[in-house]
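**Student:** Those protein sequence lines, which keep their order, are chains A and B. Quick note: to get this note's numbering, add 987 to the position in the first sequence (first position is 1). Quick note: to get this note's numbering, add 343 to the position in the second sequence (first position is 1).
If you are wondering where the hints come from, they were derived from the structure by calculation, not from laboratory data. Model, not experiment: these values are computed from the prediction. Virtual Cβ for every residue (Gly too), placed ideally from N, Cα, C. One or more of the hints may lead you astray.
Pairwise CB distance ranges (calculated) [stated by the list, open to error]: (1) B:A400 x A:V1356: 40 to 48 Å; (2) B:G382 x A:R1008: 34 to 42 Å; (3) A:L1247 x B:P419: 47 to 55 Å; (4) A:T1012 x B:A587: 53 to 61 Å; (5) B:G466 x A:V1021: 55 to 63 Å.
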Amino acid sequence: MRQTLTRVGAIARKEFTHLGRDPRTLLAVVITPVIQLLLFAWAISFDVQHVPTIVIDLDRTPASQEYLQQYEASPFFDVVARGGDLAAVDEAFDSNTARVAVIVRAGFAEALATGGQGQVAVLVDGSEPTAAKVSQAYAVAINQLHNQAITREWADAQGLDLSSLGTLEPRIRTWSNPERRSSDFLIPGLMVVIIAIVTVQQTAVTLVRERDLGTQEQLEVSPMRRIELMVGKLLPWTLLAFLDVAMITGLGRLMFDVPLRGSFWTLAVGSALFVFASLGMGLLISALAPSLDTANIMAMLIAFLPSFLLSGFAFALDQIPVALQWVSYLFPARFMVSISRGVFLKGADFAQLWPELAALAGYALVMLVVASALYGRRSAR
Amino acid sequence: MDAVTTRGLSRRFGEVLAVDSLDLDIAEGAVFGLLGPDGAGKSTLIRMLATVLRPDAGEARVFGHSVTTERERVTPRIGYMSQRFSMYPDLTVEENLAFFATVRGVTRAERRSRSASLLESMGLAEFSHRQAQFLSGGMKQKLMLATTLMHSPDLLLLDEPTTGVDPVSRREFWRILAGLHREGRTVLVATPYMDEAERCTRIAFLSGGSVRQSGTPEEVKARVPGRQLEVSAPDPRAALAALAGVPGVASAHLLGDVVRVLWSPSDDPARLLPLLPEGAGVREIPPDMEAVFAYLAEAAA
């Protein structure tokens, strides 16, 4: 037992020495997550605000001006241009100066005054679907508000008291992320993607490198067991992965005000299991890959893409094709994204998240056992 | 007991039979040289004895223990130095030594005293804090040898340890091997250098995966029929070309600015003179390993 610890310690220490001598790897592990976090959190925002808007008033009456004033006042729309004819819309859309056009037809004021329908057209540029969808919803909301205002005015003018009229008032609230800020949604998921990249990529190359250096043969003629080698190699990367978790959590809290509503320990246990599962996957790649390049590409394919695309990080899992939903169960990232979002946003703990935690634990165990067995089979040549 | 015994040992790589039912006995305390052309199976044999490669058939024992079923009894007693440099390039001399000794189970106290004395005796002491990647070729090989010696193995398996090393370092390397020999350790060394073969207590000539000749260097030399001639000429290449296909010439090769010829015993060397370019001279010398090697390699081909 003591000898086992000595050998595991020797491997772990050696791995740390490698890291210390290779500033690039260290940078990749410590700086990349920060850069990715900032890039993703700022650049890839699903928040839609300040949509450039062109308004065209063909009616030119106080009523139409009052109506269009609503758009000017909304923080959601930025009125960038006012036009007098419809050709201005095509021009603004083609040159990307506006994404929404609001057009008030001639006769708008007259129609309202005589009990007809005031006609307004809202055109939305669909080349950015998210922005288009949200713009449409906001435009509908503004129109409803304006409708209510007009109704109230009419009622007042007729001397009616609308407060006696029963109306339906839906109150819609978004839970977990009431302001629907995309950084709240992205950062807990991003943490999963970053851990997956760091751990899988680095461990994927580690055993291949021993083979390339020829040092694997020297280790084989020692009494060291394979599992000791694996554990010794996992220790430094586990620590570094935890460093990344801590950094992302800290930056998310401080810079982006991401809430941490749930149990910190659930997150820690979940991260540990996910790190083991990812490291196991890296070792598996390392045991199978014939060269460093292959290992890198396999790591990319197996770690990065599924954790990005099939984890629920970027696309909601119930929105993707059923076949891909099944595929997503083959990768641990989807479980961890659930855990991470659950803890950060929903305040979940062990009681709710145990199925995901159990799945990760099982996954980690299977990966390590299979990697050990396959690495052994290869070295038995 | 013999240090190494193999019976019918075989290993195949795809279509190629690298080692073909090979029988070999190496006595304890020998410095045993493995000779043979590239692809003769020297490395494959050594790697099987080092337990890093599994035989397909036959058996190999090291100090009486099977390399397949009793690995854990074999590995503590062997030191294996592969053909390529196989240390961590970014670790220092000292760190490499300490790491491999630790995983080999050498205690801290032993590690200290042994690494100090090994580094001292190999002239590596002043480089102990240098990263392995910045060592010269000769120093790299000495570092590998020092690493394989840290756990005091009884059998050293050295796969072409001096290939690509300058002559001064080679001589020094063999001085260290001679010291190990005096301590009673067994050394199995594959080498492409015939002058190194002469320094072995026993040699075996491998070709096509099996042993063609074995014995002391003198015995092997004596078994090669013929006498050795040295042909000097203003243009040795022209002389070598002129000798090709001449009856009685068993083999001929260039050595520096002379041509060494293995000559069948019954013929008179003077018969060669008229065939050679102007100004050539012929004299008889005692056969060397180079000639023996060339003869055996050609005989096997």
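**Student:** Honestly, do B:G466 and A:V1021 meet the 55 to 63 Å range at C-beta?
**Tutor:** violated, 47 Å
**Student:** Using the Cβ atoms, figure out if B:A400 sits within 40 to 48 Å of A:V1356.
**Tutor:** Check failed, 31 Å falls outside 40 to 48 Å.
**Student:** Given a hinted range of 34 to 42 Å, is it respected by the beta-carbon distance of B:G382 and A:R1008?
**Tutor:** Once the Cβ atoms are compared, 37 Å apart, the range 34 to 42 Å for A:R1008 and B:G382 holds.
**Student:** Do A:T1012 and B:A587 keep their Cβ atoms within the hinted range of 53 to 61 Å?
**Tutor:** holds, 57 Å
**Student:** Could you tell me whether the CB distance from A:L1247 to B:P419 stays inside 47 to 55 Å?
**Tutor:** holds, 52 Å
Of the numbered hints listed earlier, those contradicted by the structure are 1, 5.
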